[in-house]
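Novice: Here are the chains, one letter per residue:
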Amino acid sequence: MSTAYAAPLSFSLTEADALAQKAARGAGLGWGMAEEAGFAVRWLCGYGADGLGALLACLAAQRSMPHLAPGQVIGQGQGLLCPLHTGSVLLDSAEISDGPLAGPLQVAPLCQPLLMLPFLAQAASVLGQQLVVAYKAGTVALPGPAPLPVAPSALCGALRLGLGAPLGPEWRGPTARVPQGRAACDAATLAALELLALKTTVPATEASRRSGAGAGTNDND
Amino acid sequence: MTQPHSQPATPRSYYRSPAQVMRLARMGSAHPMRLSFLRILLRRMRQENWRFERHLWQVDARGVGRAVYCAHGPKRSYSLVAFAHDLPDHMRSDRVIATAWDATFALFDGVPSRQDLDRLQQNVPLQEAGRIGPRELTLSRANRSVRLFTHVVGALAAGRQPDATELQEVGYLMRTTAVYGAGKFGAADRADIAQRPEMAAPFQAEMLTVWLIRWFTVDIVNHLATQQGGAQAVALAPELCRQLGVGNSTGLGMAPFLVRHPVLLNNWIFAREEALARVRALPMATPQQLAGLRAALADAEENASSWRSSHPVQVEKLASLRADLACIRCLSADEQASFRINGALPLGQLRQIVAQHYAWALRTDFSDPAQMARFWYVSEEKLEPRLGDRHAEPGADQEQPLAIAHLVQALWADLQAQPETLPLARFLLAHPQHRLVVRRVLRAPSHPFAEVQDNLIADTMLPIDLMRCKLAFFGASHFDPRSDKWVRISLFRGMPYPTDLAQGAPA
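Chains C and U are the protein sequences, given in the same order.
FYI, our numbering numbers position 210 of the first sequence as 210, with every residue one higher than the one before it.
FYI, our numbering numbers position 103 of the second sequence as 103, with every residue one higher than the one before it.
Just chain U, with the same shape it has in the complex (with noise of 0.2 Å):
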């Protein structure tokens, strides 16, 4: 997504400048939107007319057993299976590191045998610990919400419905704490998928995903009321179970993602100004479109309101979220493809481009000590990426390459006393250690929303803005921020069920 404007053409003042759009606070403030990507998987399942089933349920009464959802298309069929456990609170952690959850699930392509089945018994529980392999397409994992699934459970087993405004309050049964794909623990890669036009666009596979494991979510309350109820319990209404989404508790593990694919944020942000320029410079609107944006603007501070946070910083920050929301009233990347160094370009040139496309990190003054307050690392103990304070704690010497704005500077330096006309390749065999920074500098003037422009290990820097403007592009709504680093989220609330959709709810 290089070329700019195939469309017609779009006057350039009614586009953002990434000065104004790559900034950690903006982008902390981002919202889902119609590109979203689980809007876009709903939108295709709708237009071609998905079929879905469960296709099996082995689950006993204490709610132990194994149960597969199929999504079939117009080409192929994906499965969930999910392995659902009978867990000890003890054990309930959101942590990446947690060993034992209350369901286990892999996306499996196309339906799986008994075979497949029992193969994915001995692993998909075990999660990191075990091994899938190219016919699955993502692992993942749920734990309930103890309050909200113990008085769920127990009003169908009496027979009633649960209370509205506990279901309004946590806006979910089940919470992921990890959704993997793309290759990770022997799944199938990106690159055996992506040419499939339903996964394209980018994490298709991860939110049908979550979607179907919404789906389970609300069967396994009903299974377990029905079986601590008999012929007393209910099933959960309609209503009520539209307004469940799935929830996911995010960590630090997230925050550097959209630093280490700037390709990929690029087109993300690009086609998101370029969807916003179009509708700016539209000269007039039909009162149709104008009901629309005004429902979408309800449903953004409906939405806005039900956030909640105990966090002082985040109490602060979601008021004014909300206080935005009242003033107004090509999107995959083939990362591999910009990936090579052309060491022909003279050092002349290089340094033009760092000037004009990183001035906002040779601004930044990296001898004042809180501009240099954070690393990036990851730990031994979990595998898993920390922020550390560079003044106070080991292990800087093992630094990620994250603090962009710092690693430019160093490559300037170096620039300063190198003749104009060497070509790049000369100086990257004498300063192997720049080519990292060097690759994305290239990158630069046909990828504008690239970077984040700010000081990534600044004492200031918040990593859940990272976070917030990546969930926002998943279609992440309802934010409850737990601390400056842990978010919980929620997915698909208010949307339809696979069910649903068969029958023409809008998506």
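This is chain C alone, in the form it adopts within the complex (with noise of 0.2 Å):
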């Protein structure tokens, strides 16, 4: 992505889930993780959120592991919960009958808890029912129209999810509506996580530029 154009900076959704995908790789994360980044990342800009923003905050703080205890989620580690491991074991765990939705869930204050939503909105449309965050100031039931009804830092502190109405067929199953659009972030933001996807990469060595793709012969033919 070329940094040359002046903020707001707009990507395709695709642009927007790649680099997300890469750049949570580079910041460690498994493979598998990564492409939940790129999920997450993809879900909240097509609601009109800064999800690439979100995503560079939490890969830069220390995140504790979730650990399930009966009717909550607890942190395991130092620093607040990461977001995107955190949705996925629940996403993950949706339609297990005694699994962690299936009753109200107490959630330990999330990093970025943002990138916990798009999973949330997932696991809602796999049960066919709304799932309620209740936070500090208030609630929001996933999934929903965007743009997202809830402002990022009113997610801030412990939440507690429970399940709501019935979603209408065009929110449930894996083909469930999801919103199209563009992505934006700033352009610290994007050069930022560019950095961070660049340590996905392999620097040159004399033997690889040899090699390189295979062509090695003129092209003035």
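Wrong hints could be hidden among the right ones.
Said to hold, decoys possible - Simulated pairs of lysine-lysine, DSSO-like, Cα-Cα distance not exceeding 27 Å:
| id | chain 1 | residue 1 | chain 2 | residue 2 |
| --- | --- | --- | --- | --- |
| 1 | C | Lys-199 | U | Lys-184 |
| 2 | U | Lys-75 | U | Lys-184 |
| 3 | U | Lys-75 | C | Lys-199 |
| 4 | U | Lys-382 | U | Lys-184 |
Claimed, not checked - To list a few chain C residues with every Cβ distance to chain U over 10 Å, as calculated:
| id | residue |
| --- | --- |
| 5 | Gln-62 |
| 6 | Ser-64 |
| 7 | Gly-99 |
| 8 | Leu-105 |
| 9 | Ala-134 |
| 10 | Thr-139 |
| 11 | Val-140 |
| 12 | Pro-147 |
| 13 | Leu-148 |
| 14 | Gly-157 |
| 15 | Gly-164 |
| 16 | Glu-170 |
| 17 | Arg-172 |
Simulated from the structure, these hints should not be mistaken for laboratory data.
All C-beta atoms, glycine included, are put in the ideal place defined by N, C-alpha and C.
Using the hints, build the complex out of the two chains.
Specialist: Here it is as structure tokens:
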């Protein structure tokens, strides 16, 4: 991605997804979790939220891993709960009949809680029922039409999750509606994510330059 | 495309198994066919009576300027915006790392205004270093085949047709070195256009781009010949035009695509195998159908006889491909729909899936250094996929996850000590490193053709086999392998031009 353009930079969702995956991997996440980061960022950008900014802040912070206890998710280790690992395990568990989403769930404070919402929205689609996130000053029910009806900062602190109303058919199942749109972020965020993404690459050596992509011959033919 | 046979059931014995089909050596022998994406495009445009026009031609005596070609369908129009450049020979490189080209292109959604053209002029010639937007569907560039281009312009300027043998030998006036679509460099996302019937099949925007580029390549030689020869110049004869396709020069960058898009790969192969099985199951064929088959075979033989390579391994390969021919005398995917991991699955069932669908992977002996010889990585310098030598080069710690067999074995080892009934979600919470391969394994039962059933890091692995499979699905003909990692192909050779299609020529 070129950094030659002035803010705000506009990207396709595919680009945002790809950059998020590379940056997450560059920051040390496993490849599969990096794919989840791409999914979450694409979803948030489609909803008009700053998914790339949230991911960068998340990757820069020390985060604790989720531990599932009856009725609650708590952190293991230093820092706030990782929203990607927490979101992933909750979505993975959606179809477990006595799993964490079967009843009310208390979730310890998250680092960049915005990043957990895409997983909850998808879990709700699987369950066919809204998931209601209760935070300090209100509630948000997922999934719903864009834009997201909650400011990212409002989600700080402990959250409570519970099941809500049944979903209409357009929000159910693996092909449930996901808003399309464009992704945006500022130049500094882009540069920082690209720097992380670069950590997934390998510097050239003389040998690798020689073997290259396989073309050794002149192209003026 | 996960429901196997919705048509009247074809007996199972007519189907080929994934173990037979999904081998690199076989994929590397793929041929273009009726389901190839460029043929799908041409069939649709003919059936729907698309109209085509050269909307704008502002090119100067040196061949520098811009042009617009429009394709008008029943509902929408698409326009190829072409920028012609004057490129010094020393800057001509087919590598993706090049920074200047003989011509650069974008496919515009609709008909561009003057403002659109000015915006594109600021960006398209820069390719990767520029930005396009949601109104653009593709970004691409092409270089001249210097030898043929010069010969053709010279002949036409002197008032005669170029040598048909020369034309036959090269097969194209220009070759593209990249055609980017699907959201790259700011272009419209695939999801934005996937609902349109004319864009539903894979790579239709890319194929349309290349087809319109073919038109441009003929116009630019005619233009330059007129500039050089004045009243004496003649236009390239239609029968010679027809022999020309658009070249494409493809390196290692394309190889990982099929591994990264297992659902798409499954659907392509599935559609081909389904078609093949239905044909094989027919009790009899009419004389017309037999004549059609013989004509297609003759075309394939003629096509194969024209492939050229000076690379020893590939020379042998081409000979055996020709021998193959002598002996015989639903395609898109919503990848997001199969992205989610169902973590309720008990590990006992996951183990069964691995045992049943990945026996080929579990058989590989990775303690043998030859089976671990390579690693796929992305180069920092070019941001392109590369293949390294694990035992001699640094960088294996940044290996890309393309060695599926190896990843499956690592998963298999960690699954052994786990209780049968433990839900997958719990296992992944403790072993997040297996998340990528678990996602693939879960798709296997409904997508039997999703995996290339070979070790992609073995010392014997030839990346060109992956490239060839994908290119055959595109509809590429005329494979000229330059090495085991680099191939030149031709698209649309022998096929109609937009102007022919309007006159009812067969696609």
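Novice: Indicate, hint by hint, whether the structure satisfies it.
Specialist: Structure-based check of all given hints:
no., hint, result
1, Lys-199/C with Lys-184/U, "holds (21 Å)"
2, Lys-75/U with Lys-184/U, "holds (25 Å)"
3, Lys-75/U with Lys-199/C, "violated (45 Å)"
4, Lys-382/U with Lys-184/U, "holds (16 Å)"
5, Gln-62, "holds (17 Å)"
6, Ser-64, "holds (13 Å)"
7, Gly-99, "violated (7 Å)"
8, Leu-105, "holds (14 Å)"
9, Ala-134, "holds (23 Å)"
10, Thr-139, "holds (25 Å)"
11, Val-140, "holds (21 Å)"
12, Pro-147, "holds (18 Å)"
13, Leu-148, "holds (19 Å)"
14, Gly-157, "holds (23 Å)"
15, Gly-164, "holds (20 Å)"
16, Glu-170, "holds (15 Å)"
17, Arg-172, "holds (13 Å)"
This entry does not satisfy hints 3, 7, going by the numbered hints stated previously.
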